[in-house]
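Q: This is what each chain is made of:
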Amino acid sequence: MSSLTSLDGLAAKPERAASGTRLAVRRFLRNRLAVVGLGVVVFFVLFCFVGPLLYTTDQTHTLLQQVNQSPSGAHWLGTDAVGHDELGRLMYGGKVSLIVGLSAGVLATVIGTLWGAAAGYAGGWIDAVMMRVVDAGIAIPALFILLVVSAITTPDLTGLVLILGLISWLVPSRLVRAETLTLKNRDFVLTLRAIGGTHARAIIRHILPNSVSTVIVAATFQIADAILLVAYVSYLGLGVQPPATDWGGMLSSGMTAAYSGYWWLIVPPGLAIILVVWAFNAIGDGLRDAFDVRGRA
Amino acid sequence: MSAVRPPAAPATGGHILDLDDLGVVFTTETGTVQAVRGVSLHVAPGETLALVGESGSGKSTVALAAMGLLAGNARATGTAVVDGTDIVGADEEQLSALRGSTVSMVFQEPATALDPLTRVGKQIAEVIRNHRRISAADAAARAVELLRRVGIPEPEQRARSYPFQLSGGQRQRVVIAMAIANEPALLIADEPTTALDVTVQAEILDLLRRLAAETGTGVLLVTHNMGVVADFADRVAVMYQGALVETGPVEDVLLRPAHDYTKRLLSAVPRLTVAESGGPGPSGEPGASGAASERRADEPGAAPGAEPAVELKDVSVVFGRGKQAVHALKGVSFAVHPGETLGLVGESGSGKSTASRVALGLITPTAGSVTLFGADLAATRARARRALRAGIGVVLQDPVASLDARMTVGECVAEPLRIHRRKLSGRERESLVADVLDRVRLPREVARRAPRELSGGQRQRVSLARALVLEPRLLVADEPTSALDVSVQQAVLEVIGELQEELGFACLFVSHDLAVVQQFARRVVVMRAGRAEEQGLTSATLLHPETDYTRRLLAAVPVPDPVVQRGRRAERLATLAAGRTEEQG
Amino acid sequence: PSGSKNEINYALPANFTPNWIVPIGTPGHLNTNNASISQVLWEPLIAYDGSSGEIGWNKDNSLATDAKFAADDKSVTITLGDRHWSDGEPITARDVEFWFNLVRENKKSWASYSPGKAPDVWSSFETIDDRHFTLDFDRAYNQQWMLANELSMIRVMPQHVWDKTSDSAAVSDLDRTPAGAEKVWAYLIDAGKKISRYASDPLWKTVSGPYRIKSFSTSGRVELVENEKYDGGGAAHVKQINLLSFTTVAAEENALRAGTVDYGYIRASDLGIKKSFTDLGYHVERWSGWAVTYMPYNFNNPEMGAVFRQLYARQAIQMSVDQKTLSKVLFNGTAVPTYGPVPQGQPSAFLSDEQKAEPYPFSNSAARKLLTDHGWTMRDGTMVCTSPGAGEGQCGEGVEKGTEFRMRVLSQSGSTETDNMMSALQSSFEETGIDFDIKTAPVNSVLSQTGQCEKDDPACKWQLSFFGSAGSWYFPAYPSGDALFASGGGSNFGNYSNPEVDRLIDRTTTSSSLDAMPDYSKALAEDLPVIWLPEPDYQVSVIRDGLGGFAQDSLANFHPAMWAWTE
Amino acid sequence: MSTYSFLIRRVLQALAVVLLVTVVVFCLLHALPGGPARGILGPQATASQIAAFNHEQGLDKPLPVQYVYYLNQLIHGDLGMSYTLNEPVSQLITERLPKTLLLTVLSAVVGLLVAVPLGVWQAVRRNKPVDYVITTLSFIAYSTPVYFLGLILVLVFSQVLPWFPAQAPQGNSVADVLSQPQGLVLPVVAGAATMVAVFSRYMRSATLENLTEDYVRTARAGGTRPRAILTRHVFRNSLTPVVAMLGYYIPVLFGGALVVEQLFNYPGMGLLFWTAAQSSDYPVLLGCVLVISVATVTGTLLADVLQRVIDPRVKAGRS
Ligand SMILES: Nc1ncnc2c1ncn2[C@@H]1O[C@H](COP(=O)(O)OP(=O)(O)OP(=O)(O)O)[C@@H](O)[C@H]1O
Ligand SMILES: Nc1ncnc2c1ncn2[C@@H]1O[C@H](COP(=O)(O)OP(=O)(O)OP(=O)(O)O)[C@@H](O)[C@H]1O
Ligand SMILES: [Mg+2]
Ligand SMILES: [Mg+2]
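Residue numbers (my numbering), protein chains in the order written: chain A, 3 to 299; chain B, 20 to 604; chain C, 108 to 674; chain D, 2 to 320.
Please keep in mind that the hints were generated in silico from the structure rather than gathered at the bench. Fair warning: this is a prediction, and the values are worked out from it, not measured in the lab. Possibly wrong hints are sitting among the right ones.
DSSO-like, lysine-lysine: derived pairs with alpha carbons at most 27 Å apart [said to hold, decoys possible]:
id	chain 1	residue 1	chain 2	residue 2
1	C	Lys562	D	Lys62
2	D	Lys129	C	Lys215
3	C	Lys300	C	Lys112
4	C	Lys568	D	Lys62
5	C	Lys112	C	Lys215
6	C	Lys214	D	Lys129
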């Protein structure tokens with residue numbers, strides 16, 4: 003019998019031992035677009051958080067003597083309508099955009115994922131009630147909620163993140179629930195239950211990892227949405243308050259000068275938003291593929 | 020490699036399939052896998068070549084290579100010539116022209132082989148219209164005809180069904196209908212009957228045989244069932260570790276094996292012992308079956324006095340409600356005692372899996388009660404129930420679905436340890452996992468692979484390893500060896516047996532393979548349409564069945580001896596014909 | 108482009124939909140654009156506007172030809188011109204009386220009512236003959252105020268068509284009884300709410316103005332065509348006027364570029380690219396408003412009220428506002444520095460020299476000195492009161508020791524100019540040592556939260572408020588500030604109160620002295636009841652070359668009858 | 002579950018959701034500080050006018066009373082009168098809704114018509130240059146704020162190249178609007194851009210998933226050509242999740258419509274909603290929220306029904 007012990011493995015010559023995570027990293031690194039995306043994000047993080055140390059500008063005082071200047075040696079990207087150095091402002095506003103985008107996106111994804119997984123897993127009336135709440139949430143236009151909130155309070159950065167996170171977790175929760183519904187009756191979850199695994203384990207170890215591609219795609223969209231939303235809500239007075247700013251706010255105020263030829267007020271923030279959102283999406287895609295054990299054949 | 024030509028084979032060059040020095044390499048994250056090496060074989064028109072061998076030896080890979088359907092991470096070398104075209108170098112356009120008309124294939128798993136959103140009639144018609152210029156209506160009519168031919172009742176209606184509305188056996192027949200739609204010159208069938216119970220299996224084999232005879236189709240049959248080989252094949256090729264070790268006419272290989280591995284393989288085949296057909300049971304009192312078997316169950320060896328590990332009392336299960344309600348179980352009672360193995364047999368859809376799931380508490384019975392280690396499942400609270408379940412090992416029927424594709428094999432096997440032995444260190448856990456993998460005859464290296472990267476049989480053993488790793492008090496195994504070749508099956512069954520000796524756990528063993536049950540289980544419950552048709556000691560019930568149903572089941576089991584099996588087949592067909600005329604008369 | 112010389116396309120302000128034409132209105136229907144349309148259909152008794160370039164009585168578009176005040180300033184006798192309704196009936200004193208009766212009986216629901224003003228100021232209406240009547244006052248009033256602000260509100264309505272209570276009812280003298288007047292009022296207001304019937308309802312077909320309605324859509328497009336029966340002095344020059352509504356300024360600018368608008372506007376920030384419009388055959392003209400812009404202090408705010416009550420503190424704040432630079436840079440020169448309660452965009456006799464001279468010129472250092480001289484010390488860039496007390500060199504009554512000079516503004520959102528101005532102010536205040544937090548909200552929300560309040564109200568949290576992106580306050584022709592700065596005035600949001608100022612304000616409406624207004628102007632320019640800010644233009648108009656014949660009315664009305672193609 | 006009882010159950014649930022929405026929205030509205038009076042009547046209004054306004058609009062009554070009153074009105078099909086536009090809200094909405102619907106439906110249809118084949122194509126060409134290029138383009142489309150995109154469209158296709166008008170058709174009725182199709186081009190493109198970006202992603206991943214299914218192998222084994230496998234099998238199977246998403250996308254479409262309407266001077270529901278929100282016009286605001294939520298709930302309902310049509314398994318209750 004012992005000769006049978008290791009028969010079918012002989013054909014396999016493993017290169018070297020690799021853990022699941024290490025494999026995922028390797029798979030991620032093979033996705034060129036995702037690596038470029040990661041590079042872009044790293045660049046912008048450095049740009050916004052380290053950049054101001056190298057390229058110091060005054061972002062708290064307006065300088066009405068030097069508004070709307072085109073790029074020059076003194077101001078690499080020119081100045082804006084109140085005389086701030088545009089490059090410095092790009093760094094300054096990027097901090098807010100990155101922090102808010104990432105945290106709100108992650109917050110929304112986490113809430114949505116947990117809620118959706120819990121509802122789908124519990125099933126029955128709990129599911130029905132939880133999902134009707136989500137339906138109602140989806141059905142109330144976000145603009146309305148933002149408006150009410152803006153009238154009641156002016157949030158600080160944390161508040162802003164909370165608000166954006168709390169209005170955008172609904173769709174991810176829907177997606178995750180749908181996924182959970184099919185997953186919870188899969189044999190590997192049943193096996194776990196049959197041998198006495200807890201519900202939490204079923205959700206955390208099996209259902210969530212198997213919905214990871216949905217979750218990641220949702221998360222990247224959430225991050226993108228949050229960055230764009232900050233700009234949108236500043237219209238309502240909900241965004242960051244001067245002298246702070248964010249890329250979206252810079253873009254929308256720069257837009258009023260669209261016909262004046264002040265391209266340096268529009269192109270840099272516009273490009274920054276597009277690049278960062280693109281980068282997060284590319285990373286999300288890469289992550290999805292990296293964790294997707296199934297779709298590789 | 021020179022194969023012994025069967026007398027019926029036509030001259031060289033007339034082969035419909037010719038593999039020459041075929042090699043297949045898979046590239047995976049953990050390295051490359053040389054799955055097939057230097058395989059050369061051929062199939063002549065009208066001939067059936069059976070490809071047997073141990074699980075994971077590369078049989079499916081060879082079959083897929085011959086279709087040009089290898090997975091994306093595979094690279095083939097050598098040649099695989101089908102009707103004059105080399106598949107290995109062909110482009111997709113050439114292959115499309117060939118597939119479905121010259122060569123077609125029946126896949127291993129019928130559950131997922133069909134497009135869920137297209138009516139089956141349409142899917143069959145599509146294959147026809149891929150290769151023939153006929154009207155949609157004609158193709159549809161022909162699809163119905165094919166469904167009738169593969170023995171699906173009410174084919175006109177069934178043609179309009181969606182795959183999910185058909186049973187597994189029916190779905191497999193639809194796949195076969197697609198495969199034979201254009202009367203291919205070569206039919207490749209990869210374990211076409213694994214998922215089916217013996218009676219359906221017999222019918223499908225009859226069907227394939229008729230096809231080969233009528234249209235001169237050459238068949239490459241991949242199987243691990245030696246009975247099927249004996250029943251069906253003209254020649255046999257034996258694979259071992261990716262290479263061919265022996266090829267020859269079926270009588271020669273099965274009765275006078277030359278290679279060591281073949282010998283080992285054949286010696287591992289469980290053989291069904293049958294009494295004279297129609298003979299009375301040993302008790303000699305037909306009709307008193309229930310009382311008789313229970314008495315036997317209480318005989319010494321059944322741990323008298325010990326309370327059963329699991330007991331079902333008068334359990335009924337109804338799925339759905341209203342018109343669509345399915346009565347999956349109707350008043351089923353049985354008990355499994357520590358140290359004993361209870362076999363659960365019966366045709367497909369008879370409720371075996373449902374009964375085992377009820378025993379596990381995964382399905383709450385509509386009526387009746389379930390006792391697990393003496394505790395009524397319905398009455399225990401969640402926490403207590405979880406504790407009870409610590410003593411259970413589970414192997415569910417579908418080896419693909421029961422492993423989480425996102426975990427490595429090692430993580431899958433270690434999961435029960437993580438739940439119930441939280442204090443173990445990572446190293447201890449690893450060594451326990453390695454031990455149990457050894458026990459189910461899997462190399463330790465697979466621990467790092469993804470379930471997807473294993474063969475069907477390997478996956479099934481991973482499930483088993485997971486069930487055994489905690490040294491359970493009760494093992495519920497639903498078809499734990501259905502995808503295994505007989506040699507591994509034997510090894511695995513021995514492992515379970517040894518462990519049972521050692522640990523004294525109770526085992527509920529679900530299988531449609533009567534020979535395995537006969538060999539492995541002390542007592543048996545025969546299920547039919549949700550009822551326990553008969554139960555008793557295996558030795559008695561399977562040797563001297565009390566019901567026609569059990570007799571029919573037994574008669575349909577092919578035995579791995581081509582000569583004997585031919586006789587049995589004739590006999591079975593005769594009784595069937597007789598039965599039919601009787602019914603009509 | 109309208110293409111034809113018989114039409115003019117006029118762009119209404121962005122995001123405004125005309126929704127009222129009836130010469131009497133209930134609150135919420137008050138809008139100068141509505142009023143402009145209404146006045147083109149039914150001429151006012153006395154059109155007191157800036158259509159000629161200066162604010163005055165525009166007799167061409169008035170039904171009255173003369174107003175004679177009694178020597179004691181306690182009554183006026185008005186003469187009507189020889190004019191006819193479009194249905195041929197003459198316009199008589201009865202039509203004026205009709206308006207008078209309706210408004211007197213329904214003044215509570217009349218949009219323009221505020222206690223102590225019209226119609227309370229008129230004690231009786233006496234018809235002399237068809238074309239003459241006398242209005243008696245409850246006391247003596249400043250003639251100009253009476254004429255420009257009160258009498259100009261009187262509208263003349265076709266009594267012979269409107270004096271009824273349902274579409275099918277017969278016309279009678281219902282308005283002469285209080286109950287009847289109420290019913291007629293209700294009927295007219297109700298009819299006025301049916302915008303979709305404006306073009307078809309027979310009620311609105313009898314007009315006195317140069318135009319009548321051709322179509323009126325609820326999505327904003329209004330078409331006016333010439334009233335051929337018009338017999339006044341301000342006849343239409345162009346057959347048809349199309350009033351177009353736009354969702355945003357950007358959308359309107361697109362239409363300008365596409366040439367579909369003859370008379371439109373651009374953002375102040377686009378003044379730099381004026382050429383791109385002149386190249387298209389337009390000329391660009393500023394349209395300044397008869398308005399002031401400011402940020403009210405909340406004198407009752409529990410945290411900062413006491414500081415705001417100190418004149419020196421308000422002076423320091425005002426000195427930190429560099430109105431000239433703000434106007435020039437942020438508004439592209441389309442705003443006018445304004446240092447007091449009288450609009451400074453137009454020359455007028457109301458403006459005092461003191462206000463004009465900028466009583467508190469911009470100087471951060473002077474502002475800082477003012478604070479340090481009054482017991483404040485700079486700590487970490489912020490002034491802190493270190494010497495409390497009411498005495499000389501101390502912070503002043505009610506200001507506690509350790510109070511930091513931190514103020515918070517609730518500012519309207521959605522305007523780049525405003526955002527920029529707030530940023531600039533913040534920066535400049537910081538220079539002085541004053542912290543300035545900005546919180547923004549939609550303008551309605553700002554207004555809702557800027558209420559008069561008592562110290563302990565929860566609603567008294569606001570400290571400064573700004574709702575003046577398009578000017579905070581548009582005056583009637585006579586810019587008296589009674590509602591704004593008189594103690595208890597309806598729009599005195601911050602509860603500013605100064606008995607001396609109250610007296611001056613009262614004088615502006617009741618005394619005939621020519622000094623009344625300049626005195627008031629001087630006092631408030633010096634006492635700083637609010638933070639005075641640059642007054643932005645009403646709009647920067649873009650007008651097709653060849654369209655002319657008019658001046659832009661600083662009261663923000665438009666007068667289609669004056670528009671004419673000159674070439 | 003039969004289709005009939007399924008529909009009844011779904012409709013009842015939908016009603017419950019709408020009711021929940023009204024409660025939430027009503028409470029939120031009345032949590033606003035200050036109330037609408039000052040905002041509506043302007044800075045010049047007097048205290049007594051404000052009191053009169055509050056009395057007239059019932060804003061001085063306790064909240065539950067107001068809600069019951071509102072609900073009662075609602076049941077009788079009355080959405081109240083706009084504070085600022087002095088017209089019944091229902092009339093305002095019926096006038097503007099068709100225009101917005103036209104715009105959103107057109108954008109959605111155009112968006113889907115582009116997105117779906119694009120996603121499939123990308124899946125087929127996975128990790129090839131085309132896939133990368135389209136992926137990048139769709140990310141760019143997604144990350145470009147609609148107002149920015151609209152501005153660029155106008156600049157390029159209306160000012161520099163005078164191909165399309167910068168204004169949407171100005172007519173009031175749908176027929177008017179449709180009679181000037183060239184005016185719809187830019188607004189529809191602006192509205193469809195994000196749609197394309199999002200749904201091509203969903204379609205791509207759904208297709209990728211389906212391409213690995215066993216039935217694809219079966220079809221290949223039957224000699225079905227790759228293109229036919231895509232169009233006949235993979236396509237339909239991939240469409241199900243996309244259809245499910247569509248329902249939830251309705252509020253997003255409305256949000257986009259708002260910006261597009263502003264940009265292209267096309268007064269519709271989106272603009273009405275925005276203006277009402279800016280001016281605290283409670284009845285209009287409530288009416289719009291109600292319409293949007295009903296549209297969303299109906300959209301999800303339709304998506305569910307559509308899914309049952311596409312996927313027979315859903316109907317049988319196993320998916
Ligand atoms: N896609 C794949 N990637 C990597 N390795 C694979 C893949 N498919 C199969 N293998 C490996 O190739 C070898 C042959 O697999 P194959 O499926 O042909 O076995 P088999 O003989 O059909 O076994 P069984 O009887 O269990 O189905 C096995 O070791 C398996 O692990
Ligand atoms: N979840 C379910 N819903 C509805 N019907 C079900 C469900 N599960 C099983 N059934 C039905 O119950 C019956 C018994 O099924 P079960 O799976 O127990 O059969 P089995 O004996 O295990 O068959 P096989 O040998 O094919 O595995 C079948 O008719 C099946 O279609
Ligand atoms: Mg196989
Ligand atoms: Mg089963």
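Q: Which numbered hints does this structure break?
A: 2, 3, 5 and 6
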